[in-house]
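There are 2 protein chains.
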Amino acid sequence: MHLVWVIPFAGIVTILFAFYLAWDVLRRDRGNAAMQDVAGSIFEGAMAFLKRQYRTIGILAVVTAVLIGFLIGWVENSSELGLRTSVAFLVGAGCSALAGFIGMYVAVQANVRTAAAAQRSLSEAITVAMRGGAVSGFLVIALSLLGVAGIFYAYGGFTNPEIAPFLIVGFGFGASFVALFAQLGGGIYTKAADMGADLVGKVEAGIPEDDPRNAAVIADLVGDNVGDCAGRGADLFESTAAESIGAMILGVTIFNFARQQGAPNPEVWILFPLVVRAFGSVASMIGIMFVGGADENNPMKALNRGYFVSAALSAVFMVYVVQTMLDNLVFALAGLVGIATSIAFVYITQYYTSGNWRPVRQIAEASKGGPATNIVAGLAIGFETTASTALTIGSALLLSYWLGTTSGLPHGGIYATAVATMGMLMTCAYILSMDTFGPITDNAGGINEMTHAPAEARRITDSLDAVGNTTKALTKGYAIGSAALAAFLLFSAYLDKVTEVTRARGATTDFNVINIAKVEVFVGALLGTMLVFLFTSLSIQAVQKAASAIIDEVRRQFREDPGIMAGTSRPDYARAVDITTKAALREMVAPGLLAVGMPVAVGLILRAEATAGFLMVGTISGIMLATVLNNGGGAWDNAKKFIEAGHMVIDGQPVPKKGAIHSAAVVGDTVGDPFKDTAGPSLHVLVKLLSTVTLVLAPLFV
Amino acid sequence: MHLVWVIPFAGIVTILFAFYLAWDVLRRDRGNAAMQDVAGSIFEGAMAFLKRQYRTIGILAVVTAVLIGFLIGWVENSSELGLRTSVAFLVGAGCSALAGFIGMYVAVQANVRTAAAAQRSLSEAITVAMRGGAVSGFLVIALSLLGVAGIFYAYGGFTNPEIAPFLIVGFGFGASFVALFAQLGGGIYTKAADMGADLVGKVEAGIPEDDPRNAAVIADLVGDNVGDCAGRGADLFESTAAESIGAMILGVTIFNFARQQGAPNPEVWILFPLVVRAFGSVASMIGIMFVGGADENNPMKALNRGYFVSAALSAVFMVYVVQTMLDNLVFALAGLVGIATSIAFVYITQYYTSGNWRPVRQIAEASKGGPATNIVAGLAIGFETTASTALTIGSALLLSYWLGTTSGLPHGGIYATAVATMGMLMTCAYILSMDTFGPITDNAGGINEMTHAPAEARRITDSLDAVGNTTKALTKGYAIGSAALAAFLLFSAYLDKVTEVTRARGATTDFNVINIAKVEVFVGALLGTMLVFLFTSLSIQAVQKAASAIIDEVRRQFREDPGIMAGTSRPDYARAVDITTKAALREMVAPGLLAVGMPVAVGLILRAEATAGFLMVGTISGIMLATVLNNGGGAWDNAKKFIEAGHMVIDGQPVPKKGAIHSAAVVGDTVGDPFKDTAGPSLHVLVKLLSTVTLVLAPLFV
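Quick mapping for you: the protein sequence lines, in order, are chains A and B.
Per the working numbering, residue 3 is the first one in the first sequence, and the count goes up by one each step.
Per the working numbering, residue 3 is the first one in the second sequence, and the count goes up by one each step.
Only chain A is shown next, with the shape it has when bound in the complex (with noise of 0.2 Å):
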């Protein structure tokens, strides 16, 4: 079968390619004995958090997976498919774990690398940076290809492709269940810790960032990685993971029709998705290699550079492969346009949270008012950017829709919208390499700040942890787009899982109708509008209780041991990492558990249709709020940045830092941080897991 062979080649080659970064990373000097020592720190604190946060989910997921298990093999008659339910979803939920695990490992031996070189030149730390995040984009992408591909052949895909799709949902909502945890947990701990540290350092004991004698600052460092690293490697694992499945599924209505014309070889449908994305993580590979030689005034460019390099490549691929196993062009195009809008929002986010343009600077010169206005200003622009998210996303799908039915193919105009999903996803590992970049270029600055490194040094890390601000914005607008692309893939999978469902229970009907005319598929979207703001609202809260915690234990540390504050003895950064470690943790609970029952509950009370409902209207709220805390919160921290680089010029001087106007940014930024690195990610998961949950537990909707 065409081209099929590629999906373990490229897996596997894709491996080796992570193997090969991280020895590279892992043979470069470590720097001193002093910088050894926090990034040994740094190593422990977050490796404890892991293993604590790994057992929490490991007892959820399991009590989950039995659970499932029994309900499907109790509605669907058939305990054989209970249990391979359960064994899906546990696989999907290792596979998750696994890819947050390896991210933030590599994540944390990649930072006092990145710092040691950086005392050499701009143009190593750079490479260091971005070949240790490259290790976990890889290495996330190759786990999910080879997971899903090696789980569609477990459960049949050989002799029965158009079965085995529906039945590895379950994966995906393993992947999703862990991906949704690691995410709050991380997202929660990163902020606790960010504002613990700057509300009793910065702010009450006048220290500034970094700064050893403030007890939070470990903690502070450790949050970096389990929030980028692991919590972002479990989401896009996720994503990659479901949405092939979802691709998958809408596949096998074309396979049957094209079975029946006698097609050679029908499967092509149904295993393209897999296909383009082994061909786009070899995209991502060559793409790699171009990022190194900065630009020294400008070291966005080089990771620009091989991003659309990966992006050029990859439109090349499509045409390809789309050509090889589909011979039909439209699709090539409808994949063009997800790769054109994967580039569209690395723009549009590129807009509205760099200083370079208006957005930013309108919440700057909103500052002169003080703190009130500021936030006033941030949360317009944020409220702002969903008129481009949802106008690109729009056009997206009515053109890839409409692209799909001149092929005439049943469920054509669907399928090319998954293929454009597809396309979006092409360059994933890149993209997620880029994000990883972000903390560990964020935790070399902490390592060289804290070890008093030389000044040039300082000054390169400073400047490489600007870059990692920007490609985490890049990587959060990326990943709502292509949430939002794949959304109406997802919901198509769960019609044509239902449909399958009643079928096998003896209906003749499709469930194709989703009428939100009827008063209960109205409430049901109701409230899936109400579990994207309560779930907002909880995963907020979550981050003040854990750093009122953290606060907490910084004040106690200053005022029972003022040696700190002389810089004569050394905090206890072990407890500050520890408290932070079992705050988030208690946290993560609720608004977790709210999100993987309620449509649960939602399903067994209203049934099917209004579950449908409910999905549907709560993944359109989840993607606009998750843009507005995004690109708000990004926009607040680059107005704040954009003072601080003395860009806004009052009488001919530039605004100070601490005075007034900086003060008001500083609150601003504040205020985004769990916006932008809590809530607004976990809305990410939130929405594909409420798609991966109904998809698996459709049978009881019925």
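In short, the hints are calculated from the structure, not lab data.
Please note that a few of the clues may not be correct.
Okay, derived cross-link-like pairs now, SDA-like style, lysine to any residue, Cα gap no bigger than 25 Å in a straight line [unchecked claim]: (1) 520/B - 412/A; (2) 659/A - 550/B; (3) 520/B - 514/A; (4) 520/B - 389/A; (5) 204/B - 664/A; (6) 547/B - 657/A; (7) 660/A - 205/B; (8) 520/A - 501/B; (9) 370/A - 501/B; (10) 659/A - 342/A; (11) 520/B - 394/A; (12) 204/A - 547/A; (13) 370/A - 208/B; (14) 547/A - 370/B; (15) 659/A - 501/B; (16) 520/B - 370/A; (17) 660/B - 394/A.
Note that this is a predicted model, so its numbers are computed, not measured.
Following the hints, position chain B against chain A.
This is chain B only, laid out in the frame that chain A set:
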């Protein structure tokens, strides 16, 4: 025909009652010359604003009327129909404008009389303020009742009661068109003036609120009237009108069925909404008479007593009217569900925005960490409030719908939700009276403050002002609750309207399936949510832009005339009022046109079914976001008041005013202002405008 005579009878009695109250208020003492001087400035400013605002709205309305008349005439190939739609639109617009004007006219007369009464007793002050508010509340309700009934009969209600409801939708559109601009313009004015006065006065110059040296102080007092009286008056006029029309449209199906069955008076199903509202007006009148004899310690009790009398009487009337007209008590139960929902919303709002419970205290507590934690806490509470709102509305809808289906009548379920909505609207006159009570007491406080009235009188107006803040919050809760409950009914009316249009063109099937699984419906839904978010952004930004115009002016006056600060010369209040007026009117146009234009664009491009998705999901998002904005804003406001009242104690001492904690709470209050008084209330109107614009233009979208 049973009870229909009550409509004109109650309408006229209501008007006479309002005239009696107006006479009673106007004959009272206007205080000393200084007070009359201030009141005169407020009056002039308010009238000048209204005059100019109505000129702008008038031009927009006439252009719109001509446009829709032409389009409808062209599409339906009937210039008579086009003309009728235009006329209905203009009558609705005129009534809405008149309602706003009357409400404000009496309010700006009652303020100085309340201030004078406060120099005698709390009890008299509360009576004057409440009666002043009631003039507005009752006239608005009478206008809406007589307006809808009048146009219904003018358009053939006597002879063809099953056709007339479809012909009068233009009335609802006209009403919401004016309401949108009135609420937007007034909301922008009031908060721009408030922010401008506070930022330059309190923050920069260090002078207290309502200090006569502040050039923006009159503009600020004017703002309370143009936002809360004129804006909310137009808003609730439009709610009652549009929802009555929607309910009448839904009654047509049962009318046809009843006529087929040979029922004696089938038109009761169409006229029931108006009759029950007429009784509601009577219930509210009786309730108003129970206000008075205020408890010194808790003036809110006097208002609550009257409200519960109104609600209890409404329940009795509801049962009586249903029994007499519909002869089917399940609808009475549905009506009681509506009345219970209105009470639930009163409690929910109080819980979330009063200092007696957890939410406000949580925000006050968070102020210890500075402005950022205060903001985050307030937003989290705002998001949290959507849960009780959605659950209440969801339950009310499902319950009333289910009750209706047990009647066995066609459309019985939907009709029952309409009955529930009418139940909720029965106490509307009372609620609106309480709302207008707010700006009257606020102004009375300002007048007493500016004229250095005796301390005891100022204490009384301050305590009434606090009550007014609660009643304003309650009204918003009520307005959003009724909008949410009405959403499903208005949406169903849209489906009936499209059915009517397509049947007239020869179609044989009903338009009653809105399949959100279609890509264009999904995109419509996405765009609906986007409209809500973008509109919020634009209206918040409008406040900021208008505020900066005022800030510049107040600063200029302080700078150019040092006598103002010294208290020797009088600032140029009129100029500040003028600048605020111009800025607010300029800034209201963009969000207003977006709100009107986008549904038209979606309808023309994506057609009727996608428009339904747009309407429905936009409404859900709008209701949820307005809840966040209103309640978040109210909670911030009262968290500040909670601290100012000395309820927050640290180490045995109340937290001081002007200290860091109080300042943090002031930031939250300032952020909340444009949320709760501009964006939130404008969103109420927006969601209803979406319904009416699509109802009217449905023929273009088919």
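Structure-based check of each hint:
Distance check on the hinted pair: residue 520/B and residue 412/A sit about 14 Å apart at the alpha-carbon level, within 25 Å; holds. For the hint linking residue 659/A to residue 550/B, the alpha-carbon distance of about 24 Å falls within 25 Å, and the restraint holds. Simply put, residue 520/B and residue 514/A have alpha-carbon atoms about 9 Å apart, close enough for the 25 Å limit, and the pair holds. For a cut-off of 25 Å, the pair hint linking residue 520/B to residue 389/A stands: about 21 Å separates their Cα positions.
Pair hint residue 204/B plus residue 664/A holds up; C-alpha atoms about 21 Å apart against a cutoff of 25 Å. For a cut-off of 25 Å, the pair hint linking residue 547/B to residue 657/A stands: about 22 Å separates their Cα positions. Between residue 660/A and residue 205/B the alpha-carbon distance is near 19 Å, which keeps this suggested pair within the 25 Å criterion. Between the alpha carbons of residue 520/A and residue 501/B the distance comes to roughly 16 Å, so the proposed pair stays at or under 25 Å and holds.
The suggested pairing of residue 370/A with residue 501/B is violated, with an alpha-carbon distance near 55 Å, which exceeds 25 Å. At most 25 Å may separate the alpha-carbon atoms for a hinted pair to count; residue 659/A and residue 342/A exceed this at roughly 40 Å. Under the criterion of a C-alpha separation no larger than 25 Å, the hint pairing residue 520/B with residue 394/A is consistent with the structure, at around 18 Å. Distance restraint check for residue 204/A and residue 547/A: the Cα-Cα separation of roughly 20 Å lies within the 25 Å cut-off, and the hinted pair is therefore satisfied.
Proximity of residue 370/A to residue 208/B is assessed by CA-CA distance (about 17 Å); at most 25 Å being required, the pair is judged to hold. Straight-line distance between C-alpha atoms of residue 547/A and residue 370/B comes to about 13 Å, which keeps the hinted pair within the 25 Å bound. Using a Cα cut-off of 25 Å, the hinted pair residue 659/A and residue 501/B is violated, with the two alpha carbons roughly 64 Å apart. With a C-alpha separation of about 48 Å, the suggested pair residue 520/B and residue 370/A falls outside the 25 Å cut-off, and the hint is violated.
For the given pair, residue 660/B sits about 47 Å from residue 394/A by alpha-carbon distance, which is inconsistent with the 25 Å threshold.
The structure shown violates the earlier hints numbered 9, 10, 15, 16 and 17.
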